[in-house]
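Enquirer: Sequence:
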Amino acid sequence: MSKAPLSAINSSAWSAAHARHLLNRAGFGVPRELAGRLANMTSSEAVDYLVDYRRIDDPLPSPDFVIPQFSKAETQWLTDGMARPAIERAGQAGREVQKESVGMLRAWWFDRMARTPRPLEEKLTLFWHGHFAVSANKVQESGHLYQLNSVMREHAAGNVKTLTTLVGQSPAMLQYLDSAQNTKDGPNENWARELLELFTLG
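To convert, count from 1 in the sequence shown and add 82; that's my numbering.
Please keep in mind that the hints were generated in silico from the structure rather than gathered at the bench.
Keep in mind that a hint or two might mislead.
Restraint-style ranges between C-beta atoms, simulated for each label pair [as the list claims (entries may be wrong)]:
#1 V179 / K85: 49 to 57 Å
#2 S97 / A239: 25 to 33 Å
#3 T244 / N122: 29 to 37 Å
Once the Cα atoms are required to be at most 25 Å apart in a straight line, the calculated BS3-like pairs of lysine-lysine come out as [stated by the list, open to error]:
#4 K205 / K243
#5 K220 / K181
#6 K154 / K181
Note that CB positions come from ideal geometry on N, CA and C, so glycine has one too.
Please put together the full structure from these sequences, using the hints given.
Expert: So, in structure tokens, the structure goes:
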């Protein structure tokens, strides 16, 4: 027995309960103030408010603690003249700082999910984060991880081909799927395989 197709909620039937349900599906939880605002709109206005989120100002700050990755030339310049043990100690200290920064980035995103006035933007960003999966335990570079997170947020509701191309150019994804080991003499299959097997064709 087939079910009748879903139909739009009649404006006269729109209620605070419907607004809370919509907000819970489009975001994370039901902030009281935003739920009340949506309840005072029509159903169409409430949907437009959530979907057309770029019209809403984003007051939340970008993280100021992410650490950019040094290039090989910059690393050589910084370690010029240092003895091997000192270089190893500096490298270990750098990894500890990066680990702390990655943890702070995770907390920053959780806070953003909870406080954003644009909940659908973060819900879609989280969706793409789950689709284009990258492990922070492997990448361990807060600058790279934040750059990829920003790409997903910027293109969360945009063109999937554009998003896929930019993800494939991101240092975090290239590092995670071992593209640094990809040479003409020893091609690494990880990115190409994941691109076709998981990210696109399936």
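Enquirer: Against this structure, judge whether each hint is valid.
Expert: Hints and how they fare:
Distance hint check: the CB atoms of V179 and K85 are about 55 Å apart, consistent with the given range 49 to 57 Å. Our hint of 25 to 33 Å for S97 and A239 holds, since their Cβ atoms are close to 27 Å apart. Under the hint 29 to 37 Å, the C-beta atoms of T244 and N122, about 36 Å apart, fit the expected range. Distance restraint check for K205 and K243: the Cα-Cα separation of roughly 19 Å lies within the 25 Å cut-off, and the hinted pair is therefore satisfied.
Taken as a hint, the K220 and K181 pair is honoured in the structure, with Cα atoms around 11 Å apart against an allowance of 25 Å. Note on K154 and K181: the hinted pairing holds, with a Cα-Cα distance of about 20 Å set against a maximum of 25 Å.
The structure shown violates none of the earlier numbered hints.
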